[in-house]
Amino acid sequence: MTGLALDSTQLDRYSRHIILDEVGPAGQQALLEGSALVVGAGGLGSPVIQYLAAAGVGRLGVADDDEVERSNLQRQIVHADADVGRPKAESAAEYVRRLNPDVDVEPHETWLDAGNAEDLIGGYDIVVDASDNFGTRYLVNDVARLTDTPVAHGSIYKFEGQATTLRPDGPCYRCLFPEAPEPGEIPDCASTGVLGVLPGTVGCIQATEAVKLLLEAGEVLDGRLLFYDAMDMTFETVPYRRNPECPVCGDEAIDSIEGIDYDHGCSVTAD
Amino acid sequence: MDVTCEVVGEGTETLLLADDATYADVCRATGYSPHEVTVLVDGSPVPEDAPVESSEVKVLRLIKGG
Chain A
1 MTGLALDSTQ LDRYSRHIIL DEVGPAGQQA LLEGSALVVG AGGLGSPVIQ YLAAAGVGRL
61 GVADDDEVER SNLQRQIVHA DADVGRPKAE SAAEYVRRLN PDVDVEPHET WLDAGNAEDL
121 IGGYDIVVDA SDNFGTRYLV NDVARLTDTP VAHGSIYKFE GQATTLRPDG PCYRCLFPEA
181 PEPGEIPDCA STGVLGVLPG TVGCIQATEA VKLLLEAGEV LDGRLLFYDA MDMTFETVPY
241 RRNPECPVCG DEAIDSIEGI DYDHGCSVTA D
Chain B
1 MDVTCEVVGE GTETLLLADD ATYADVCRAT GYSPHEVTVL VDGSPVPEDA PVESSEVKVL
61 RLIKGG
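Chains as they are written, first to last, in full-length UniProt numbering: chain A, 1 to 271; chain B, 1 to 66.
Check the hints yourself; a few may be wrong.
[As the list claims (entries may be wrong)] Examples of chain A residues lying across from chain B (beta carbon under 10 Å, computed):
| hint | residue |
| --- | --- |
| 1 | LEU20 |
| 2 | PRO187 |
| 3 | GLY196 |
| 4 | GLY200 |
| 5 | THR201 |
| 6 | CYS204 |
[As the list claims (entries may be wrong)] Selected chain A positions facing chain B (Cβ under 7 Å, derived; list incomplete):
| hint | residue |
| --- | --- |
| 7 | GLY40 |
| 8 | GLY42 |
| 9 | LEU44 |
| 10 | ALA130 |
| 11 | SER131 |
| 12 | ILE156 |
| 13 | TYR157 |
| 14 | PHE159 |
| 15 | GLU160 |
| 16 | PHE177 |
| 17 | PRO183 |
| 18 | GLU185 |
| 19 | CYS189 |
| 20 | ASP229 |
| 21 | PHE235 |
| 22 | TYR240 |
[What the hints assert, rightly or not] Over the 12 Å line for every Cβ pair with chain B, so calculated as not near, a few chain A residues:
| hint | residue |
| --- | --- |
| 23 | THR110 |
| 24 | GLY123 |
| 25 | GLY154 |
| 26 | LEU225 |
| 27 | ARG241 |
| 28 | ASP261 |
Read the hints as simulated data drawn from the structure, not as lab findings.
Each residue gets a CB set at the ideal place from its N, CA and C atoms; glycine is no exception.
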């Protein structure tokens, strides 16, 4: 790839990428030809959407069925006061259109479920899991594995965050957390609170991983979970391995998500 | 038996457990329900009802916020 496909405006816009040896014109072209689905346009999804759009990821899907609430604005920085009441997917898409005309943004005002996940996730090069519930997280993991789609995962709680990257040939989220807790067992941000800047840090890590996946450069958080404590300002890496008995990526892996109840425990039962 | 347990993000402590303790007992000894965490031995989760056979474990909390 010579980079000749970049026009003069793009050479200017992405000049700080292009002069990096690790990116260069070919890498920037790869970003412009790449695609990413961001599941969730909330706290984590906001910086992910912003940085992937700024980086020139050519096709950016945003899946969220929620509407912007005023209590979101302390951390969901892709939305503004005037967006309260609007669909988050459309609000985020409008932000992207204003930021970078190179990006073809695709808002999906829908709840990701077992009926639409394969079509949605399979239509993109990578998926960024910025969701806020276990059902969606396990669904993203399972469908991404079945469609050979890498996942940049992130999650947050009060002052701490976790990030890991799931490649098709590496361990999956179920290798680390085999089953989800029942609904209500783990508190959410609405009931416990969350530091507003926290998803900014974790979302930026996810965006970094997403860009590296599209560039096929660097070392991603494959088989490593990064734990971030904002109060202590510490990062810890927890290594984990592929589980041969994992029902989704192990030796006897499933070939469809049929029968998995993503509303209750997300367990995979044997045939 | 003594088990060195790191709760990721909280620190490391030595747990004194019964000889027939399970990994669920490890969870409870750290103040968590087995549904809230995963116990890792050498980078792999272990079943909560399995007897404790390792002297070093990591406990990792599940979080879901986005």
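Hints, verified against the model:
1. For A/LEU20, the suggested interface contact is broken, since its CB lies about 30 Å from the closest CB of chain B, more than 10 Å.
2. Checking A/PRO187 against chain B: minimum C-beta separation of about 9 Å stays under 10 Å; hint holds.
3. A hinted interface residue such as A/GLY196 counts as satisfied when its beta carbon comes closer than 10 Å to some beta carbon of chain B; here the least separation is about 12 Å, so the hint is violated.
4. Annotation: A/GLY200 was flagged as interfacial toward chain B, and the flag is violated, the nearest CB pair being 13 Å apart, outside 10 Å.
5. Given the 10 Å rule on beta carbons, the hint for A/THR201 is violated: about 13 Å separates it from the nearest Cβ of chain B.
6. Below 10 Å, beta-carbon pairs count as interface contacts, and A/CYS204 has none with chain B, the closest being about 14 Å; its hint is therefore violated.
7. Annotation: A/GLY40 was flagged as interfacial toward chain B, and the flag holds, the nearest CB pair being 5 Å apart, inside 7 Å.
8. The restraint placing A/GLY42 at the interface with chain B holds, with a minimum CB-CB distance near 5 Å, inside the 7 Å limit.
9. Given the 7 Å rule on beta carbons, the hint for A/LEU44 holds: about 5 Å separates it from the nearest Cβ of chain B.
10. The restraint placing A/ALA130 at the interface with chain B holds, with a minimum CB-CB distance near 5 Å, inside the 7 Å limit.
11. Against a cut-off of 7 Å between C-beta atoms, the interface hint on A/SER131 holds, since the closest Cβ of chain B lies about 5 Å away.
12. About 4 Å separates the beta-carbon of A/ILE156 from the nearest beta-carbon of chain B, less than 7 Å, and the hint is met.
13. Restraint check, A/TYR157 versus chain B: the minimum CB separation of about 4 Å is within 7 Å; hint holds.
14. The interface hint given for A/PHE159 is broken, as the beta carbon of that residue sits about 10 Å from the closest beta carbon of chain B, more than 7 Å.
15. The interface hint given for A/GLU160 holds, since its Cβ lies 6 Å from the closest Cβ of chain B, which is under the 7 Å cut-off.
16. Of the supplied interface hints, the one on A/PHE177 holds, with its beta-carbon coming within about 5 Å of a beta-carbon of chain B, less than 7 Å.
17. A least Cβ separation of about 10 Å between A/PRO183 and chain B goes past the 7 Å threshold, and the interface hint is therefore violated.
18. Taken as an interface hint, A/GLU185 checks out: its beta carbon lies about 5 Å from the nearest beta carbon of chain B, inside 7 Å.
19. Restraint check, A/CYS189 versus chain B: the minimum CB separation of about 4 Å is within 7 Å; hint holds.
20. The beta carbon of A/ASP229 comes within 5 Å of a beta carbon in chain B, closer than 7 Å, and the hint placing it at the interface holds.
21. Restraint check, A/PHE235 versus chain B: the minimum CB separation of about 10 Å is more than 7 Å; hint violated.
22. Hint status for A/TYR240: holds, given a least beta-carbon distance of 5 Å to chain B, under 7 Å.
23. Its beta-carbon lying about 16 Å from the closest one in chain B, A/THR110 satisfies the requirement of being farther than 12 Å from that chain.
24. For A/GLY123, the non-interface assignment is confirmed: its Cβ lies about 21 Å from the closest Cβ of chain B, beyond the 12 Å cut-off.
25. Annotated as non-interface, A/GLY154 brings its C-beta within 12 Å of a C-beta of chain B; the closest such distance is 7 Å.
26. Not every CB of chain B lies more than 12 Å from the CB of A/LEU225, the least distance being 7 Å, so the non-interface label is violated.
27. Residue-level check failed: A/ARG241 sits 4 Å from the nearest beta carbon of chain B, not beyond 12 Å.
28. Every beta carbon of chain B lies more than 12 Å from that of A/ASP261, the smallest distance being close to 16 Å; the non-interface claim holds.
In the structure shown, a violation is registered for the earlier hints numbered 1, 3, 4, 5, 6, 14, 17, 21, 25, 26, 27, in ascending order.
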